[in-house]
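S.K.: Those protein sequences? They're chains A, B and C, same order as listed.
Residue 40 is where the first sequence starts when you use the working numbering, and the numbers rise one by one after that.
Residue 63 is where the second sequence starts when you use the working numbering, and the numbers rise one by one after that.
Residue 865 is where the third sequence starts when you use the working numbering, and the numbers rise one by one after that.
If you're looking for bench data, these hints aren't it; they were derived computationally from the structure.
Heads up, the beta-carbon is just placed ideally off N, CA and C, and yes, glycines get one too.
Do not take every clue at face value.
Coverage of chain B stretches by chain C, computed from C-beta distances (three or more under 8 Å per stretch; other residues unrestricted) [said to hold, decoys possible]:
#1 266-274
#2 282-288
#3 314-327
#4 330-341
So the chains spell out like this:
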Amino acid sequence: MFYREAGQFKTSYAADQAIYPIRQDKIGILILFGFSLLAIPFIAPIYWLNSILIPFLIFSLAALGLNILTGYCGQLSLGTGGFMACGAFFSYKLATAMPDTNILIVFLLAGLGTALVGVLFGLPSLRIKGFYLAVATLAAQFFLIWMFNKFSWWTNHSPSGVISAPPRAVFGDIDVTSASASPEAKYVFLLLLVSFLALIAKNMVRSRIGRSWMAIRDMDIAAEIIGIRPMLAKLSAFAVSSFFIGVSGALWAFTYSGSVEALAFEINRSFEVLFMIIIGGLGAIMGSFLGAAFIVLLPIALDTIPLLLGLPLSVETVAHLRLIIFGALIIFFLIVEPHGLARLWQIGKEKLRLWPFPY
Amino acid sequence: MGLKSLRWAAAALALSVAATATPVVPAKAEGDQFIPLLVYRTGPYAPNGIPLADGFIDYFNYVNWKEGGVGGVPLSWEECETQYNNDRGVECYERLKNRGASGATVINPYSTGITYALIGRATEDKIPVLSMGYGRADASDGTVFPYVYTAPITYWAGADVMVQYAREQEGGSLKGKKIALVYHDSAYGKEPIKTLERLAEIEGYELSLFPVAHPGLEQKATWLRIGRQVRPDYVFMWGWGVMNATAVKEAASVGFPMDKFIGIWWSGAEADVLPAKEAAKGYKSLNITGVGKDFPIVQDIVKMHEEGEGLADPANIGSVLYNRAVVNGFIITEAVRKAQEKFGQRPLKGEEVQWGFDNLAITEQRIEEAGLKGLMGPIEITCANHEGAGSALVQQWDGENWVAITGFIDPNRKALWPEYKASAAQYAKEKGIDPRNCD
Amino acid sequence: MNLKHLAIGVVCSLGSIPVVGLLLQQLAEAAPNDIFFGWDFYIEVVVTGLLQGVMYALVALGFVLIFKASAIFNFAQGAMVLFAALAMVGFIEMGLHWTLAFLLAAVVMIIVAILIERVVLRPMVNQEPIILFMATIGIFFVLDGLGQTIWGSNVKALDIGISQTPWFVLQGEFFPGGLRLIPTEVVAAVVGALTVTLLAVLFQYTKVGRALRAVADDHQAALSVGIPLKFIWAIVWSVAGIVGLVAGVMWGTSLGVQFSLSLIALKALPVLILGGFTSIPGAIVGGLIVGVGEQVGEVFIGPLFGGAIQDWFAYMLAMIFLLFRPQGLFGERIIERV
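This is chain A alone, in the form it adopts within the complex (with noise of 0.2 Å):
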């Protein structure tokens, strides 16, 4: 009824390029985001800042990272801890080393050594393919753990091999990482850098460089045959994925956890962001934040489910539960909808513009 088109006419290319060709989009995301930049931090409780939302901005960049490799490339990477390890300890050395240089400039340059590093690991794919890569991305998951937890001069020498991330500001001096600072401002902060770089990458994946990586992805014989570099694209797509996932490592280690081992980032952390991908949609920017939030959320729902129903179950078999029932809700989410939540949202979208007559 109100979300429909007609009389939306579109008179040059630009417009018809836009992103959200409908207006009632466009209207939606900017009252979503105007509601999450003016409103969240003054209205959600200090939980929510620290423990949902700020995980989940972060985790919605790791996310957005891995989706171009693998949602857009088709390169399948079980490397994203080691690359957000890359972006934490370097985003550390820099930071530490250059007291005085602005935290948005060390992200950036701890982005592109990730980027780097990706790149490095990125050219076996020129030759292996498929579950064979994947294995082969492991190697840089535990070399690059091994590395940063191996040589103390990542941590300036530590003793236990912890980096604190020292607060630095960006506006001015509001504090924006490590724990001393207002958790309202590191959630602005982020929310602000996370949404830029999803344009980016949205814009990324529209271009022809986003196109030569989905010929890539849909056959890459085929791509290679109608002109696209198979070389350039992967390498790309590593790069700039492991660009995205080095930020989000720094972001993690400088605003959400404030101090970190090697070990945070094993290879837990890397299925973690697998899952988000996958059940939020491979190939789809939204997707990388419906995933992020389902995953962030879900422990903590199921968690409070039985006490908010008053069940009398001890936290062992709730943790038990929790994992039965995430193994089960991951089995129903791919059953029902194998190309994840976006889809689900797009199917959402096509109903709604036929509501409330179908036919």
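Since chain A is already given, all that's left is putting chains B and C on it; use the hints.
M.R.: Below, chains B and C without anything else, positioned relative to chain A:
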């Protein structure tokens, strides 16, 4: 149900997940002293996490059962499952920190990783962190870490006790001896290295390092080198979880003499030696609490269980980690008691309990009075000294039970404190912390 | 199965042992402070590695079986190993003899396999491999939670009457202390060899085996000649479950049955890429190479970097192999058409 309706169900489910994630559970009762418990009853470290968690709930329940709480204020608690995972630990902390009548009393992370992650947050929230025998050793410096307590003893002090014990076994000198350190390759396992290296120079032993990658299932190569190549006189171990059992087993299989193999207090629980059974006989470890059930307080808890008031699995009573949790609980209630002297008998805030910790002195007399004689040594925490000068003993596995074979040994704190100070100062500099004045 | 390839593989890997030894000897002379080399010690490390390799191969076998028949990368194999071992310990705790408990645990694994086929695989026929891979991660969680709910999370000892005291064989001039063998591992090696022979016979000479190979070759063609795909899948998952049980018993006797058993799946992955996802002998040879490579790497090369390199060393080894043979040692040649 068709695929279509299933699909709607999926969408509805996704939405409801978002809706129910809000934690709005009220505290158990008005006027309780609330203690959040970060536990791990599942996951890779559950065999160690279960007796720990059981010890806590049994002790707090015991305090309520015996004397109706601390100074008339009943204790309440809530468990939150972390699975020994840092992120979940942080989430649990955020979830529980404001529960109860006055918020969290104190946090016991029972994971070095979670401790590291919470130090900044808890300091910001003014909630004490009691990392009893784990976490950052340099947090003993109360001027830089006002809200972190390492009582009764740190890893660095533990390493010192181990060296002392080995020296005594060798008749007073370790000159020319070889010591190998097998450690979990993480923040936790790396803690003792500096201390052992420093002592190597003083004592004249040769130290070799053997990191073991997480989770520690792979130690064949490590033990081949120890057994065949390095042939050390002593092996010290900083292990956790499955790594301990594997190490004990491998050590036995290369024929390393078990009585020269000493683990830290996290490598000396029942779960660590049970899989190796007979082969583990003679293996030693440090412990920060007494061993067994022969303590009045433990007997009292057994009595409570007999009356049907127990909460935990009675099989765990008296086990190494259970006892440790009881002592940990005792230190907490003593700190609350102390704080009540100043702030009155009401539910206290974390900030007020911190004062209690800063002025906590548990004397030998008080220990005996509370029925913990032999279970722990006296500790005295001050504003600047958060370690409290506790001590550790050596225990040995006799094939059936852990048996204490020494009394409590005091580490050489005179040499340790400059190290704490220096390391804490570096942390303060990096984080831009102004050390508080304790005089 | 290509026997010629297998023979070449075995000869090459055996031949490389003395070559690597010589290289290490040179290296040890160059860096005498870090590396300690003696031929007797080297042989002992290699033997330890070989035995360890069989243990890896046992886990890898389960992956291969399922991948071969259904092109599913079964991440839940580790959880199946744990679940099977837990079930067996559960039956032993009920007072049964371990042989009986083993059989009952095998029945449990067959039931699990049938359930997985019914509930998970059947509705997901024709999905992309990555989606199926995710579904097996779901199975991983369910099995983990279920196993702990039923049998608890405590560490349990598993005793099937194998002594834990090491044997010292070949005592003599070359091995002054004797060559150390651990009975559990020797038994595991024998059981592993038996399992592989049994599977090879099953695949090669029985009707079900022929059907299995047909399914592995081409699902659609197999269906069109009347091979019951669902039944075959149930069989494959059952067999993988039982192989998992064998692996679980072997690992469980030496480590105790506990949650960490499910993590050994990660150790099987480099074995898989080395041997090829689709080859049963590949799993064995890959296991041996990874086992030996890891031990030798950790003992002789690890000290140069401060140790604990085992984790990534196996993966790097596998990755280097892959650059030369992208389908693994014994994997089927990948032929791509547009």
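S.K.: So, for every hint listed, does it hold in this structure?
M.R.: Status of each hint after checking the structure:
Chain C is given as covering the region 266-274 of chain B, and this holds because 4 residues of the stretch bring a CB closer than 8 Å to a CB of that chain, at least three being needed. For a cut-off of 8 Å, the count of residues in the region 282-288 of chain B with a CB near a CB of chain C stands at 5, and the three-residue condition holds. Three residues within the 8 Å Cβ limit are the bar, and the region 314-327 of chain B against chain C gives 4, so the coverage statement holds. For the region 330-341 of chain B, the stated coverage by chain C holds: 7 residues have a C-beta nearer than 8 Å to a C-beta of that chain, and at least 3 were required.
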